[in-house]
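Enquirer: Residues in the sequence shown are numbered consecutively from 16, following this note's numbering.
No lab work stands behind these hints, which were simulated from the structure alone. Treat the hints with care, since some could be wrong.
Calculated pairs, PhoX-like style, for lysine-lysine (alpha carbon to alpha carbon, straight line, at most 20 Å) [said to hold, decoys possible]:
hint, residue 1, residue 2
1, K440, K121
2, K695, K707
3, K90, K79
4, K707, K736
5, K440, K430
6, K496, K327
Pairwise CB distance ranges (calculated) [to be verified]:
hint, residue 1, residue 2, range
7, L85, Y116, 33 to 43 Å
8, E434, E398, 30 to 40 Å
9, G216, E321, 39 to 49 Å
10, E434, A113, 32 to 42 Å
11, S234, P30, 35 to 45 Å
12, Y116, V338, 34 to 44 Å
13, A600, E398, 55 to 65 Å
14, D607, Y116, 51 to 61 Å
Ideal placement from N, C-alpha and C gives every residue a C-beta, glycine not left out.
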Amino acid sequence: MTQTYESVAGLSVHPALRAFVEQEVLPGARLEPAAFWSGLAEIIRDLAPRHHELLAIRDELQGKIDAWHLEHKGKPHDGTAYEQFLRDIGYLVPAPAADAYQVATKNVDAEIGTIAGPQLVVPLSNARYALNAANARWGSLYDALYGTDAIPATGGAEKSKAFNPARARLVIARVREFLDQVVPLAAGRHADAVGYIVEHGKLQVTLADGKKIGLRSPSQFAGFTGPRHEPRSVLLVNNGLHMELVLDREHQVGALDAAGISDVVIEAAISIIMDLEDAVSSVDAEDKIVVYRNWQRLMDGSLSSEFVRDGKTVTRKLVEDRVFTAPGGGTLVLHGRSTMLVRNVGHHMFTDAVLDAAGKPVPEAILDAAITVASAAQDIRGENAIRNSRTGSVYVVKPKMHGPDEVGLSDLLFKRIEELVGLPKYTMKIGVMDEERRTSVNLAACMSKVRDRTVFINTGFLDRTGDEIHTSMEAGPMMRKAEMASATWLKAYEANSVDVGIARNLPGRAQIGKGMWAAPDQMAGLLDKKIAHPLAGASTAWVPTPTAAVLHAMHYHLVDVAAVQDELRGREHASLTDLLTIPLATRSYSADEIKAELENNLQGLLGYIVRWVGQGVGVSTVPDLDDVRLMEDRATLRISSQHVANWLRHGIVGETEVRETMRRMAAVVDRQNAETEGYKPLAPGFDSPAFKAAEDLVFNGRTQSSGYTEHVLHIRRRETKALSA
């Protein structure tokens, strides 16, 4: 499609993007258009060559690794020789000495630095979802338990459209047990409570036998609303997280409760990543404007979304802060919304929304940084009634960086953007996604490049697995995906991030994060398993929905993450040898195992691609072969496509088998999407841009740089948009 541009400061800018920036972004940032565009042009001129240089180094290193594995093909893997080879080619760099540096980031909001709790990731392309996530700071524990499989639907406690008192009583009992664990009484149990009042600045709980009991730790009483003798709610705090006991004997739930507790509202999603990257399908200037506008309006507090629910139009906007009476009198104001980070794209992405002086697409990461930070300028200055950062910072998450030099490029970019927007040095904070192999094996060296900006490191198991497969593509066939969960490298990877983060002074000033719970309908499983993340020393972990955030928040009440991190501080660090262990298959797989693995990969791959390419949906819950909904994004697509490419490369499967399986799985995906409005089936033509994208990713997966899927997806999505134009 032919695109017209407007010339400004030597750049060619899409007219709609220019209008958006000049009319909606720059006024709030107090920037003049001429100065902004000329400054941006200088940054692009100076830094774009470095982008290309570092991307070339990625490919050069990969070529050398491929050659090494081919040279040693058929021989037992020599881990010592392999590690030395990686050092010789500069893939592994010397780790800074233990006393060489400490992360010293300043002006960090408590939600990032000191409060441990769940983190949501949400696509910025959908205003309704973004608002729902931003408002997920507080959520109903009663609703989260009642409405999910966290409470068994048996023995008369089934879920139904009508209110089920039996199920509600199970919820009440479950929450009472939780309260006894995290905010215990000095004597007795919350289950025996018949009333909560405030006397002389302290919480008094009346038990069924008439005794009045205080909390075992009186300081856990944080505030209340309503009259002291008959409060409407009671605010408690534990491990830095608040929970509000809502008291209403007239409510259908409160009427069942001896103390009249109608709900327990807890702090849930403490922080949230507003995503411009893996969670969105944003392929051109029009798409970018949508995500930029949503971010800009989140930053100035004006974003709203209208939708129809139960036949009525509902308007959603950012919620206000929450106000309580402090125990001793006076007003206590608590932040009502999740603290927002914004994830920009990686260094490898380029956009034709802006062309440089030579008429070439510019690094998309530069454009993202300039516009998202300019959009946050008035929040940074503290001019908004509804603020995000109260410390004057903006939190930018950087994905898919390969090694220290690429992290250093981000630091340089941030410095230039601060100068462009007129912000103090180190206003821009960085979240380092530890999701690429060359970053995880050099994590301490990477963090040294941003020691005054780091507020976040995160183990992204999914992308890290995709990069693991691609980096070692020529080493041999990989183990099945399910076996990766117990692979040597993965255990070392998860431990290494915590070890390095603690050793480099992150506790108290930055998040140490863990990855996503991918099954939004399996909350009983989340409650059972995801407590492993805070127990491992992670101060945050990703969840797929606000409901999941509420339930995962229970884990941060049960586990004092700061104490865990203190205990871990002296342990022996994860082994680099283990971290470099390649997850090669250790046995021959049966025909049935190969068939099942191939079907699983291709069904999930197609199920995700049809929505990304066909409908512009960047992240979604894709039914698996058993129709269980699982969260899928580009990271899961990267694993599936790289895994099939690897098995093709080493003859575990053949091209004919893959093509036949892909067509059979297309029929499954068509069935699963039959009720989706506007869905275009893959079969029987198998010639849509979506199906072609799947073929591209699988059959050309070995030659895709770093195994990334973005370039293929973008080409095929733009093809789809052109066909429907």
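Enquirer: Compare the structure with each hint and give your call.
Expert: Status of the hints after comparison with the structure:
no.: 1; hint: K440 <-> K121; result: holds, 11 Å
no.: 2; hint: K695 <-> K707; result: holds, 14 Å
no.: 3; hint: K90 <-> K79; result: holds, 18 Å
no.: 4; hint: K707 <-> K736; result: holds, 15 Å
no.: 5; hint: K440 <-> K430; result: holds, 7 Å
no.: 6; hint: K496 <-> K327; result: violated, 45 Å
no.: 7; hint: L85 <-> Y116: 33 to 43 Å; result: holds, 38 Å
no.: 8; hint: E434 <-> E398: 30 to 40 Å; result: violated, 21 Å
no.: 9; hint: G216 <-> E321: 39 to 49 Å; result: holds, 44 Å
no.: 10; hint: E434 <-> A113: 32 to 42 Å; result: holds, 33 Å
no.: 11; hint: S234 <-> P30: 35 to 45 Å; result: violated, 59 Å
no.: 12; hint: Y116 <-> V338: 34 to 44 Å; result: holds, 42 Å
no.: 13; hint: A600 <-> E398: 55 to 65 Å; result: holds, 58 Å
no.: 14; hint: D607 <-> Y116: 51 to 61 Å; result: holds, 52 Å
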